[in-house]
Amino acid sequence: MNVFGLANADAVLPGVKAGDPAAQEALYRAFEGPVFNLARRICRTTEDAEDVLQETFLEVFRSIGNYRGDGSLWGWVRTIASSKALMRLRRNKYRETDELQDDVTPLRREDTALRMDLEAALERLNGTSRAVVWLHDVEGYTHEEIATMMNKTVSFSKSQLARAHTRLRRWLGEEVPA
Amino acid sequence: MTHLTIEQLLALREPGLEPGVQGWRDHAEACELCRAELDRLDQRVARIRALPTLQPSRNRFADVQAQYRRGRTRRRLLALSLGGLALAASVALAVVLGPRLGAGPVAAQLSEQQELDDIIARSRQLETVIEDYNPDRRVTDGRTAVVAASLEDRLAQVDRQLQLVNLMEQRGRPEEALRLWRERVGLLGALVDVHTTGATYVRY
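Protein sequence lines correspond, in order, to chains A and B. Take 66 as the starting number for the first sequence in the working numbering and just add one per residue. Take 222 as the starting number for the second sequence in the working numbering and just add one per residue.
Read the hints as simulated data drawn from the structure, not as lab findings.
Label-pair restraints from in silico Cβ distances: (1) B:N355 <-> A:G130: 19 to 25 Å; (2) A:V219 <-> B:D263: 21 to 27 Å; (3) A:R133 <-> B:N280: 26 to 32 Å; (4) A:E124 <-> B:R270: 23 to 29 Å; (5) B:E250 <-> A:S220: 24 to 30 Å; (6) A:A83 <-> B:A271: 35 to 41 Å; (7) B:A271 <-> A:K217: 27 to 33 Å; (8) A:N157 <-> B:Q384: 41 to 47 Å.
Which bits of chain B does chain A cover? Going by a derived footprint, with three or more residues having C-beta under 8 Å, they are: (9) 224 to 231; (10) 261 to 272; (11) 275 to 288.
So these bits of chain B aren't anywhere near chain A, every CB distance computed over 10 Å: (12) R256; (13) Q335; (14) T349; (15) A377; (16) E404; (17) H416.
Where is the CB? At the ideal position from N, CA and C, for every residue including glycine.
Turn these sequences into a full structure, and let the hints guide you.
Here it is in structure tokens:
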């Protein structure tokens, strides 16, 4: 994460509000990495994540007048990015196949050969579960905030997180035979 | 003894104290298996947080900026109140043609007025098509965005000229208004093509 850029992004705020292209580019450079990373962790493909990146900054530049400064600028941009990524996820949902429904299957000896790395395991989660894991465990959103963003209940967010961790635990070979 | 479920383990990591959480916490402290499970959960979350930051494969800033500029141009165009422009053109033409009706061929002058009305109607239709398509809400590739931006810049110039001509109509230049409205319709048609087909080479 471009910590230097994030820390100094507020300095270019007046220019961005005035529509100054140089200030817009400075803000883009500061937040490009974290916005793309968040989008890519939620979306299935790089192309979708790049579209979310573009949509996010377009929205940021258009709506920067609405940013009142009562929270961090990154927090505001991140909320827009999360919302755009979740919107993309919903739009693509009909195309998405759910992950293998193997959470009810007991661990078999040959399953140890399927042990995968963390990146692959996250990719294997369905879009909604992956989004909840990322927003909750990495970005630090509460279940209440995630529920609001997803237009779902708090219970839904909690159960998605629990399902996701159950699966990750299995796929990562972390289960301890009873 | 029943061990903690994944839901209960996750609840232990949440801030605040939900009902029952203290009991689960007491259990986790006493139960080696649950404590180990909680440690694994903490480690898994720490590993997820430590994943490398992914970077975009290409620079999208030019696309963002082109789309932003296009949006601003469109908003400016709307602010110009195109309906007002059209009305002004019609009124101006009527003012110019009115005194001439007795002097020249009436049919030709009425035809000129009719053509202007038709072109203005066509211009409105095309604007509606673009508004319905709502390009601001769509992601476009860089080349399409650049072509669309240049068409919209040209459109803005034509509208500025139209405003001037509308003022000058009082002194009698209806043919200039017709020419500009024709050009406006051509530009809007090209813009529709660019948006709906992604055409990056347009003639109008």
